[in-house]
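There are 6 protein chains.
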Amino acid sequence: MTRADGRAFDQLRPVELTKDYIKFAEGSVLIRCGDTVVLCNASVEEKTPPHVPEGHGWVTAEYSMLPRANRERSRRDIDKLKLSGRSAEIQRLIGRSLRAAVDREALGERTITVDCDVLQGDGGTRTASVTGGFVALALACRKLMAEGKVTKNPIIHQVAAVSAGIVDDVPLLDLPYAEDSRAQVDLNCVMNEKGELIELQGTGEGRSFTLSEQQELVRLCAKGIGELLEKQRRVLQG
Amino acid sequence: MTRADGRAFDQLRPVELTKDYIKFAEGSVLIRCGDTVVLCNASVEEKTPPHVPEGHGWVTAEYSMLPRANRERSRRDIDKLKLSGRSAEIQRLIGRSLRAAVDREALGERTITVDCDVLQGDGGTRTASVTGGFVALALACRKLMAEGKVTKNPIIHQVAAVSAGIVDDVPLLDLPYAEDSRAQVDLNCVMNEKGELIELQGTGEGRSFTLSEQQELVRLCAKGIGELLEKQRRVLQG
Amino acid sequence: MTRADGRAFDQLRPVELTKDYIKFAEGSVLIRCGDTVVLCNASVEEKTPPHVPEGHGWVTAEYSMLPRANRERSRRDIDKLKLSGRSAEIQRLIGRSLRAAVDREALGERTITVDCDVLQGDGGTRTASVTGGFVALALACRKLMAEGKVTKNPIIHQVAAVSAGIVDDVPLLDLPYAEDSRAQVDLNCVMNEKGELIELQGTGEGRSFTLSEQQELVRLCAKGIGELLEKQRRVLQG
Amino acid sequence: MTRADGRAFDQLRPVELTKDYIKFAEGSVLIRCGDTVVLCNASVEEKTPPHVPEGHGWVTAEYSMLPRANRERSRRDIDKLKLSGRSAEIQRLIGRSLRAAVDREALGERTITVDCDVLQGDGGTRTASVTGGFVALALACRKLMAEGKVTKNPIIHQVAAVSAGIVDDVPLLDLPYAEDSRAQVDLNCVMNEKGELIELQGTGEGRSFTLSEQQELVRLCAKGIGELLEKQRRVLQG
Amino acid sequence: MTRADGRAFDQLRPVELTKDYIKFAEGSVLIRCGDTVVLCNASVEEKTPPHVPEGHGWVTAEYSMLPRANRERSRRDIDKLKLSGRSAEIQRLIGRSLRAAVDREALGERTITVDCDVLQGDGGTRTASVTGGFVALALACRKLMAEGKVTKNPIIHQVAAVSAGIVDDVPLLDLPYAEDSRAQVDLNCVMNEKGELIELQGTGEGRSFTLSEQQELVRLCAKGIGELLEKQRRVLQG
Amino acid sequence: MTRADGRAFDQLRPVELTKDYIKFAEGSVLIRCGDTVVLCNASVEEKTPPHVPEGHGWVTAEYSMLPRANRERSRRDIDKLKLSGRSAEIQRLIGRSLRAAVDREALGERTITVDCDVLQGDGGTRTASVTGGFVALALACRKLMAEGKVTKNPIIHQVAAVSAGIVDDVPLLDLPYAEDSRAQVDLNCVMNEKGELIELQGTGEGRSFTLSEQQELVRLCAKGIGELLEKQRRVLQG
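Protein chains in written order, with the UniProt record's numbering: chain A, 1 to 238; chain B, 1 to 238; chain C, 1 to 238; chain D, 1 to 238; chain E, 1 to 238; chain F, 1 to 238.
In isolation and in its complexed conformation, chain A is listed as follows:
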């Protein structure tokens, strides 16, 4: 089997992380994974939601697609007066993933909101949001350090994500829309710098899958995430 874009089965699409894309946000990154483009902006507010214990901070995420991010224009959420169920599901995943990167006590009583707005979607928008969102979050934390608002870097783990899937019974890494839309099985992994899992979501859309297929997909993701973590480090050092 040959992939339409000529990639090997375990090869990522070209990834590009542009730092400080927007000048007002405390952390801002434009991430491109192939034709998927997501703007990730981290905003710091000096207060926390009611459910957060005293002395702790909070990290949360919002996810949205611009109306024409896709092949067909979709109506805005505000036009339908409903957050799409898909967006609700995805932004909860991003929020959980990014919280795993942070020491909430070191963050102090403030909230960092990471807005992930998809400018162009070609598969893998949720995992690109996690990968880009982590860099935006890290930049915002660096700014808190530089301003003396926190004494210890709240970032305690590095976090990145990618998807893998089974297409025509072949496991493939990092599916674009054309592959994703006919995948039999689809799996997203969020991992940290130790190669351990933070989040794992697998769906048998076309057929059920065995435990050993699931393992194979996680291994593919682990390989891709290793490369993404390296790219994050380079842009944060650059």
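Simulated from the structure, these hints should not be mistaken for lab results. Cβ coordinates follow ideal geometry from the N, Cα and C atoms, glycine included.
Just the calculated beta-carbon pair ranges, DEER-fashion:
1) D79/A - D79/B: 21 to 29 Å
2) T2/E - D79/B: 53 to 61 Å
3) K223/D - D79/B: 40 to 48 Å
Based on these hints, arrange chains B, C, D, E and F on the given structure of chain A.
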């Protein structure tokens, strides 16, 4: 480590499936898993949403908690004018799981909506909804058969679900709220009668987890799901 | 004229009140009146809405039908983003009725919310909600007494409700859906232990009615309410 | 006991019905009952809602208060994104009352919507809406006759409404806000030209009431409604 | 060219301002401009929104059309759960215009909300709202003076508004609906007592317009506004 | 007076138009005016809204700011369940402006929606949206031509926009946020290739303004728009 309710680490809570709990629904089941109680009602409508191809049917789910299903009363969604993000996430999971049980062409151009309303919640409400929801769905399909509306049973797989988690570094099956609220890792599995995966969602809420820990949790779930599938068969035959 | 279920014109459907149906609520009752089933849960919160005078408490109610409580599935309020006008009307009636049972000063600065969720509806859901809701309210007040939060029982009246209607020009007590849907006149009464009126709502859906017909319907209701009050007392003592 | 405005216990406030207040509506009436002012506009549309049987028409009502109709400004429904529960309850009452005036087959497959917008509220806005709304409805039907759209007048009954209440244990007709806000019992009647009841709603806000008190209040209403029906006839003939 | 109602090209429709139309509002005016009728009520609240600096007051406006203000009935905003975009645009214009009339420090820490509800619309409803709204605002400020709540009149400018348009290439003042609906260019002016501009909105709906045409329309508006300011003064003195 | 960025009083900020920024939209442009960045995407749909006459097309616009486009993060519309009044006002302006560019009969029975999403806002976002939106619209029409869906180019005028304002009594062209936030008068012009006006909106936020000041501001805008039209032509030819 001893569990508060005296169960073995790989033991399910007592499960009870009451068929035909509500008399108007085409399929109705009240499922109790320990202190978790969910009413699952399957309703048949003779039309499909616009995105479904001609000649095919559709299966979807809605999930909601009654305001006082929990230790604290929560405001109704309609009072806040927003479907809770958690409910949105869960009902998408249930819908995908139940669709995996059905041959949509055999179902014909109709929609089965499975409403899962949590009367009392003590952990595992989403997996109880899948397990109970499958039985409601199967009863509704049986009714379609009996009425001659379908000639072939649309049910092609049996589907059930359970959760497992790591508490104090010990993997445990089927967490009640008291365990779930302090779990370090939480994983939900949906499987079919072949022991293959349909859906898999793992979250490292307290710490990251290794691939081998993840496997152990899936194995625990597989054991529990085997027992749940047996209970489903018994109630459907009864 | 013979009634479909063989009852006398002034006979109630079988009534069953199950105490402590849900374990988290301060007061919980499942009421069955024939095929109508309503779960009534009373929740105590230690604050009052802004319009309540200092030193007083508040009692309010919310009413909702599960989507498949009826012969046809109905869409959830949150799906339509609107509380149904019928539900709004009914929950205001239940709230006013239950407030008449309570000494708000004795209750102190707290709110009791009685959630009435119809699991199955076969006529008379609003009056069943009042009758069952009163028991849930009384149980919650008893709990406040037991915990020493109030020194005097806030319950000063017992309250129950039933409907009567004119079908084929014959006055009948406690209409199920089959009778209700073709009733010419429909009347709901809420009364207390003295046989006095708290709420009275009569509607000439099919034709106008005379003052003497109205009286006859109130007398029928008074008979039925007497029996319901007795059942409430028995379950509260049991 | 003397009433603040010097009226006898069974005397209506001055009533004024101004026909054709708005020139675009098919039927338009401004009704003043003392300081209560309601604009009632009837609009005809050549279609019916889905639940109406073929060949029949429909009559419905909407009720709203302008933000400064009362002593305090209230926020608009659209600002809160919720129809007030009180408005929902009231517009259902008005709709049922006006439907009782009409032969829906004679009306044909069209809908008449009667909008009742309270410009100034001083008690009795719902009953003023019924009384004024009937005249707007009758004018709209007359217009349908004049245009030859219906051959038989759809109006088969005349309908009017008023309230009565018990204040300081004295039954009084037609309560303004100052009396209504301290009434112990409050009762609204809708009657037709035969003096028969269409709708009856009684509430013991301050205390329970006996069947004989209830009768006395209905008798007071019957007297007032007789006078309102006469005023309606005069303005329709004028 | 002759206008349908016989007016000269630079002649206003008859204007009538009725003071104290509603008795509860701090300032109330019913304004009629030909067949356009708007009820303008000013309400004072002793607090300000968060964005207002300490020691300053705020003036804001809300604008709405009754459902049957126009030739066709339109659905209420609350029925659609959306404030119409047109209403949003207009109420922002009215708010900005009225704020220009007021010294916000002299007003003190309070908000005046001017509700403009269109009872009948025949063109020029937004400008009638500004002209009538100013009088309601001035009456409310006068009341604050009389009650000693402010020591200096917060009104520092007089503000009125009118529209002009180009119909069949002829500039005309104060367009009713029949002219407005076929105008090629439409321009609204808000001016003060010095004949200076506060707000200016011109739209080439049918064709573009030159700077000199625009000037001609502003001159027409200036003439009309001069007459409206005179009418405002007379009603405020009367 | 010297401007903070060293520009002459009648000088535009640097403008950059990037064609085909998004690959799915029929027309896509990223416009930068100084630090203001707006993504304008034109989408074609083969149907029109109900109010559009047969045989005609429609052009409409939507405008939104990303949450962190500004110095402070703002909540998303969907979070507040309300389209911001400012966005509603602006998108109506953009829609009217772009419709003036098009022959709706030549467009045929289709709708072009131009989405203007502000990625970064530093003043002038609404005029940048018109200027960039026109190019996106023209690209979409060119695509319709290329595909043979229309035979005649629906674009009949070229449209661009800019703002001017009075700061410290000095008229200045193209205000960034720092100037805009302390402008006494603010005026937006939309013009076509003939230098004629399409839309004109002037606001005296800090003080009223004379007719001759207004003229001076329009002349400044005319100069700037001339340069913007030239840039549009170059990018459309490039």
